[in-house]
Amino acid sequence: MTAPLLEVSGLEAWYGQTKALHGVSFTLKAGGITTILGANGAGKTTTLRAISRMVRTAGIVRFQGRSLDGLATEDVVRLGIAHAPEGRGTFVHLTVEENLRVGCWGRGSKDGIEEDFERVYGYFPVLRERRTQLAGTLSGGEQQMLAVARALMLRPRLLLLDEPSLGLAPLVVREIFRILRTANRESGVSILLVEQNAALALDLADHVFLLETGRVVLEGPSEVLRRDDSIRRSYLGY
Amino acid sequence: MEIFIQQVVAGLATGSIYAALALALVMIYEATDVVNFAQGEMAMFATYVCWTLLNAGMPYWAAFFATLAIAFAGGIVIERVVIRPVENAPILTIVIVTIGLLVIFNSLAGWIYSYVQKPFPSPFPKEPIRIGGIVFGAHALGQIAVTLVVLLCIWLFFRFTPLGLAMRAAAQNPVSSRLAGIRVGWMLALGWGLAAMFGAVAGIMVAPVLFLDPNMMGGVQIYAFAAATLGGFTSPLGAVVGGLIVGVVENLVGTYVKFIGTELKLTVALAIIIGVLLVKPSGLFGRAVVRRV
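Residue numbers (the working numbering), protein chains in the order written: chain A, 1 to 238; chain B, 1001 to 1293.
Each hint should be verified, as a subset may be incorrect.
[Said to hold, decoys possible] What follows is a set of in silico ranges between Cβ atoms, one per label pair, in the way DEER data are often shown: (1) A:Tyr15 <-> B:Ile1274: 16 to 24 Å; (2) B:Trp1186 <-> A:Gly70: 17 to 25 Å; (3) B:Phe1004 <-> A:Gln133: 54 to 62 Å; (4) A:Gln17 <-> B:Arg1084: 35 to 43 Å; (5) A:Asp111 <-> B:Ala1062: 34 to 42 Å; (6) A:Thr137 <-> B:Trp1186: 27 to 35 Å; (7) B:Tyr1256 <-> A:Gln133: 22 to 30 Å; (8) B:Gly1100 <-> A:Ala199: 53 to 61 Å.
[Stated by the list, open to error] Sample of chain B residues with no beta-carbon within 10 Å of chain A, all distances over it, derived: (9) Ile1070; (10) Val1103; (11) Leu1108; (12) Trp1111; (13) Ser1114; (14) Lys1118; (15) Ile1131; (16) Phe1136; (17) Leu1148; (18) Val1149; (19) Ile1154; (20) Leu1165; (21) Val1175; (22) Ser1177; (23) Ile1182.
Quick caveat, the hints were computed from the structure, so don't treat them as lab data.
All residues carry an ideal CB built from backbone N, CA and C; glycine is no exception.
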């Protein structure tokens, strides 16, 4: 039995004096797509930030059996955990192509960068068209595509995605989610997705965690939880 | 007409010095939102280092490049040791720290080397160069060339190397850069190193003209402020263009407006700073900063 891809146990996090996570525990198997559902303020974004060491944390996070304790954000990224943050994190004064090159910085190996450019341009042809344009001139949907593409340029083992649907037209969101499914299938990258749009997230993910006030209160395969009454009423609205 | 062209070229020569120092100011400002008031004094100190190496018998260009290397390392050390501990402090605190550095470098230079002016060699020929009927100082032309080469190198570095790209990314969006695996703290330190290096170039090139003493860069720094303000504190290109414009304007005003002459020339810098801030605070090439409040 190999170690799980990511093992989170008793994870706590603080913003200043305010505690935002109260002992979150879960494990991710390699190769899957997992989503964290929850209301505003439940701690979804904070969970991702705690994994990337962007907030003060306590508890255990192991990636491929290795503890992330004491590592800086840069070091976590270099282990192969890409994080497309809330708000997309675009480098607005760099061109689209430069944004993607920045995404390569933390790669373990510099081999295959050109292939990866072809791959993400294949996923998002609009980025190829706009590769010499300043990223700040892109639309919101294009910037979200860029955020996903930049994260994929790391050639990560695990991709953390924070609300990729936020503020985007349904058609664009569906396109991005389709690409995520493809990337997961083609390169085997595992995905941990935080999403407000529960219906979409349940369609994409094969496993679900439900977070309430900083704790995991429910988990299971998405086809099971989709039929759960409390989930249906609270998050799917029917 | 000859006088006019000569004065313009002389202005470009001093302007290239302002450009180099202004570029150093802009680099640190872009990355950290801090105006480094010690930039000029760091340049002056680097020039003394060069003077020491030359006096020890080192050939000119060897001493020049050795000084750049020392200035680069020194800039990194200053960032790591002095600036880093106050990195997250309010801007005003960091500004005060840089003013402290200014005083320290000035006094240190006076203490080690005394306040007596020292002649400083120029690597360029003494004889003026004649083109048509117009006479140019060889040092002035050399100074312009050296600054342009330095600017070209730095532009190529930022534009075409992965490290240059990482430094630009770190300056723009530190959070996102960390998430790409960039060690943002070290990128800032490298920025200080490069800035110190530009300063050293400015100091070494201006020393043969002004003579070397601990207060040599005081006036130059004020012109560099004017240059950076004119070009826009957020634009490296603006800093360079601003530097050249300030140099030329300063020279022409000093030549043609009799009551200003050499005595009141520094006032021109102040007038430029105030004028730009009144008319176009973001400068010629700068971005207007919009903040949501």
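Hint check:
Take tyrosine 15 of chain A and isoleucine 1274 of chain B: their Cβ atoms lie about 43 Å apart, and the range 16 to 24 Å is violated. At roughly 18 Å, the beta-carbon separation of tryptophan 1186 of chain B and glycine 70 of chain A lies within the given 17 to 25 Å, and the hint holds. Remark: the range hint 54 to 62 Å for phenylalanine 1004 of chain B to glutamine 133 of chain A is contradicted by a beta-carbon distance near 43 Å. In this structure the hint that glutamine 17 of chain A and arginine 1084 of chain B lie 35 to 43 Å apart at CB is violated, the actual value being about 25 Å.
For aspartate 111 of chain A and alanine 1062 of chain B, the hinted distance range of 34 to 42 Å is satisfied, since their beta carbons lie about 39 Å from each other. Separated by about 30 Å at the C-beta atoms, threonine 137 of chain A and tryptophan 1186 of chain B satisfy the suggested range of 27 to 35 Å. Between tyrosine 1256 of chain B and glutamine 133 of chain A the beta carbons are some 46 Å apart, a value that contradicts the proposed interval 22 to 30 Å. At about 59 Å, the CB distance of glycine 1100 of chain B to alanine 199 of chain A agrees with the hint of 53 to 61 Å.
Against the 10 Å criterion, isoleucine 1070 of chain B stays outside the reach of chain A, whose nearest CB is about 29 Å from its own CB. For valine 1103 of chain B, the requirement that its beta carbon stay farther than 10 Å from each beta carbon of chain A is met, with the minimum near 34 Å. Here leucine 1108 of chain B stays apart from chain A, with its beta-carbon at least about 35 Å from theirs, past the 10 Å limit. Non-interface call for tryptophan 1111 of chain B relative to chain A: holds, since the shortest CB-CB distance, roughly 40 Å, exceeds 10 Å.
Against the 10 Å criterion, serine 1114 of chain B stays outside the reach of chain A, whose nearest CB is about 46 Å from its own CB. For lysine 1118 of chain B, the requirement that its beta carbon stay farther than 10 Å from each beta carbon of chain A is met, with the minimum near 43 Å. At roughly 40 Å, the least C-beta separation between isoleucine 1131 of chain B and chain A is larger than 10 Å, which holds for a residue marked as non-interface. Here phenylalanine 1136 of chain B stays apart from chain A, with its beta-carbon at least about 39 Å from theirs, past the 10 Å limit.
Non-interface call for leucine 1148 of chain B relative to chain A: holds, since the shortest CB-CB distance, roughly 25 Å, exceeds 10 Å. At roughly 25 Å from the closest C-beta of chain A, the C-beta of valine 1149 of chain B stays outside 10 Å, upholding its exclusion from the interface. Here isoleucine 1154 of chain B stays apart from chain A, with its beta-carbon at least about 17 Å from theirs, past the 10 Å limit. For leucine 1165 of chain B, the condition that its CB be more than 10 Å from all CB atoms of chain A is violated, with the nearest at approximately 6 Å.
Some Cβ of chain A comes within 10 Å of the Cβ of valine 1175 of chain B; the nearest lies about 7 Å off, and the non-interface call is violated. Residue-level check failed: serine 1177 of chain B sits 7 Å from the nearest beta carbon of chain A, not beyond 10 Å. In this structure isoleucine 1182 of chain B is not separated from chain A by more than 10 Å, as the shortest Cβ-Cβ distance comes to only about 5 Å.
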